[in-house]
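Chains as they are written, first to last, in the numbering used here: chain Y, 1 to 372; chain A, 373 to 643.
Note that these hints are calculated values from the structure, not bench results.
Heads up, a few of these hints could be off.
Derived coverage of chain A by chain Y (criterion: at least 3 residues anywhere in the stretch with Cβ under 8 Å from a Cβ of chain Y; other residues may be distant) [what the hints assert, rightly or not]:
id: 1; segment: 552-558
id: 2; segment: 594-603
These stretches of chain Y come out as covered by chain A in the derived footprint (C-beta under 8 Å, 3 or more residues) [said to hold, decoys possible]:
id: 3; segment: 63-69
id: 4; segment: 162-168
id: 5; segment: 190-201
id: 6; segment: 216-226
id: 7; segment: 241-252
Note that the Cβ used here is the ideal one computed from N, Cα and C, for glycine as well.
Residues per chain, in single letters:
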Amino acid sequence: KKHLTMQSAPDDEELDSLSIRLVGLDENYPVRLNWNDLGVQFSKQSIVVPGDRLTRSREFIPGHGTLRRTVEAGSGNASFAAGRRQKQNDDNAEDNDEDDEDEDEEGAWELAASVAGRQHVVNKLLCVLPGRSRYAGEIGDVVVGRVQEVASRRWRIDANARLQATLHLSGVLLPGEDLRRKSEEDERAMRAVLAEGDLVSAEVQSVQADGSLVLHTRNARYGRLGQGTLVRVPPALIKRSKTHFHSLPCGVTLVLGMNGYCWCGPTPGQSDVREPLASPADRSEVARVRACVRLLAVNHVPLYDTSVMQAYEVARESPVALLSRPDEQLRVARLVAEQLLTAEVGEAQPGGGGFGLHSGDLISGGALSAVH
Amino acid sequence: MPLDRYRNTALVDGIDVRALPLAGDSPAPASQGKQQQQQQQHWFQRRLVQDTVGSGYVEFGDTKVLCSVHGPMEPKRSVLTDAGAEQSRAQLQVYYKLAPFASHQAGRVSYLPDETERRAASFLQDTLAPSLRLDRLPKSRIELHCLVLEDAGCCLATAVNCACLALVDAGLEMYDLVTAATVCRPVGATDWQLEVGDGSNSGGSSSVTLAYMRSLRQVAGMLVEAAEPLQPREVSAACRICEDPCKMTHSSLRQFLLDCLPADDRTAKIA
Chain Y
1 KKHLTMQSAP DDEELDSLSI RLVGLDENYP VRLNWNDLGV QFSKQSIVVP
51 GDRLTRSREF IPGHGTLRRT VEAGSGNASF AAGRRQKQND DNAEDNDEDD
101 EDEDEEGAWE LAASVAGRQH VVNKLLCVLP GRSRYAGEIG DVVVGRVQEV
151 ASRRWRIDAN ARLQATLHLS GVLLPGEDLR RKSEEDERAM RAVLAEGDLV
201 SAEVQSVQAD GSLVLHTRNA RYGRLGQGTL VRVPPALIKR SKTHFHSLPC
251 GVTLVLGMNG YCWCGPTPGQ SDVREPLASP ADRSEVARVR ACVRLLAVNH
301 VPLYDTSVMQ AYEVARESPV ALLSRPDEQL RVARLVAEQL LTAEVGEAQP
351 GGGGFGLHSG DLISGGALSA VH
Chain A
373 MPLDRYRNTA LVDGIDVRAL PLAGDSPAPA SQGKQQQQQQ QHWFQRRLVQ
423 DTVGSGYVEF GDTKVLCSVH GPMEPKRSVL TDAGAEQSRA QLQVYYKLAP
473 FASHQAGRVS YLPDETERRA ASFLQDTLAP SLRLDRLPKS RIELHCLVLE
523 DAGCCLATAV NCACLALVDA GLEMYDLVTA ATVCRPVGAT DWQLEVGDGS
573 NSGGSSSVTL AYMRSLRQVA GMLVEAAEPL QPREVSAACR ICEDPCKMTH
623 SSLRQFLLDC LPADDRTAKI A
């Protein structure tokens, strides 16, 4: 009797013994959208790996993802490396044409990469942006978070960042209030506003020195999110736009948090203090929107209102359960990607080709220059 | 000994799957699976594990290791840690485990980590912690989980390579890529040989595992497991032999990353 189920290797002259095959590595199994098939080429220029030397020139300011290290001209670290320093320079970094710079001085330093990603130069700032990293948070970002703890005069919220985010009692808009001091009574009634496990949409008020976020909901748009579903996607896929609250025509509200947490729920009626339980029809629409967000995220299609609505249009007629199958997800994502690409080609930038890497704070599209 | 309540221990007396004959096959040992040339090559993959920040998978010969990285996240609050120095850097915790079916020699491995696994976890922690920029992430915790799916020799070095790949995939800042290699020497022999992943190394050999950071030309970690008394010059001779395989692994890992990183920019937004 076999206790373990394993996929045995296909008939292959190289592998004729039992070997463990991980699902998803088979070429015939379509898992992700392949952008190369749609004609998008990703340039291999200026990709670096941790430890690569970026530049020796002193004119660059180190940005994110870079570090300074001293060039060790004379010191050998381990005795066995003594004879090999000659051969070291030619296999060290990508651009070797910087060896015509001045020789190693005492105390000379160089910039090296500390993450794997693409290097960017903006004026004199040199940084390396990784493909995906933890959400760091910026002032003004709309985020969706889940309350983890109710502490004294503040809530601690999980916002998909390195540390828990804080929402102060003074940062929420309580119903029926003007600017008044919060009293003892308010403090005891905190759980009536937000309890553990509640979802809340908020805006980043500030970023503390240790990287934790301080949120606020001092706007009628923000606040506790009611019935609905949370979808977690990589934060890099959320495109920054003017508004992150979208009321889709099918009666679903979509909140795309910049931290990668997206919430879909039925659009609340006007000024209902206690929302009625959503009908099954509403719920299936919410499920459909949620499936659309999920399939776009799995296939690395950027998420914004247009892409989600296009996915919804394509997937409108399919049963919702079908949308969790990978081949169906791939089909829908491919259609959406094609539509998005044709829309962009119509407004192509001069100097063409490639995708501008939108980091939100540094670059605004365009070709990337190599570092010299 | 703590009980592992989450595991179903009903399979303790199960049969070893390798003993099951496949139709049309003679019951051959697993080491005949791959050709000689492939034994010395690494095969890398990444982003295999869902819901993790980063993950990597490395095959070296028949040895297969899977690593996943969680974090950086909230540190564990413990009464014993003092608030000052502990929280100025991130804490790296490594969990290392052999799958129950992984070992070629030892038969079925228990679900709970035994001493070799704990020693391997501690080696990984000592090796990888200096290569990460932990001071850039105060008040955080990074968890690294290593699962060895098949151990056919050179398993610790492969775990180091895999952990490095997972950490790079997670986007954590590092000083350099860490790669490792192992040399071994049976008792009584004089030459150190590079250990390959085909299960050909017998249990009773001395081995030296060296983890090396190529761009910095620094040793990240070294583990000596001696089956007989070793002289210092023998150990340093072993290290010297390890250096070249470490550099070659560094090149192939670097090339793998350079090939697959451009596709990461799919996350670049359209327009």
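8 Å C-beta test of the segment 594-603 of chain A against chain Y, three or more residues
Coverage by chain Y is violated for the segment 594-603 of chain A (0 residues, Cβ < 8 Å).
Tell me if chain A covers the segment 162-168 of chain Y under the three-residue, 8 Å CB rule, please?
holds (count 3)
Are three or more residues of the segment 216-226 of chain Y within 8 Å, CB to CB, of chain A?
violated (count 0)
Are three or more residues of the segment 63-69 of chain Y within 8 Å, CB to CB, of chain A?
Result for this restraint: holds, n = 3.
Quick one: see if chain A covers the segment 241-252 of chain Y, three-plus residues with Cβ-Cβ under 8 Å.
This one is violated; 0 residues, fewer than the three required, reach chain A with a Cβ under 8 Å.
Under a C-beta cut-off of less than 8 Å, do 3 or more residues of the segment 552-558 of chain A approach chain Y closely enough to confirm the stated coverage?
With 0 residues in contact (Cβ-Cβ under 8 Å with chain Y), the coverage given for the segment 552-558 of chain A is violated.
How does the segment 190-201 of chain Y fare against chain A when you require at least three residues with a CB closer than 8 Å, holds or violated?
violated (count 0)
Hint violations for this structure: numbers 1, 2, 5, 6, 7, all remaining hints satisfied.
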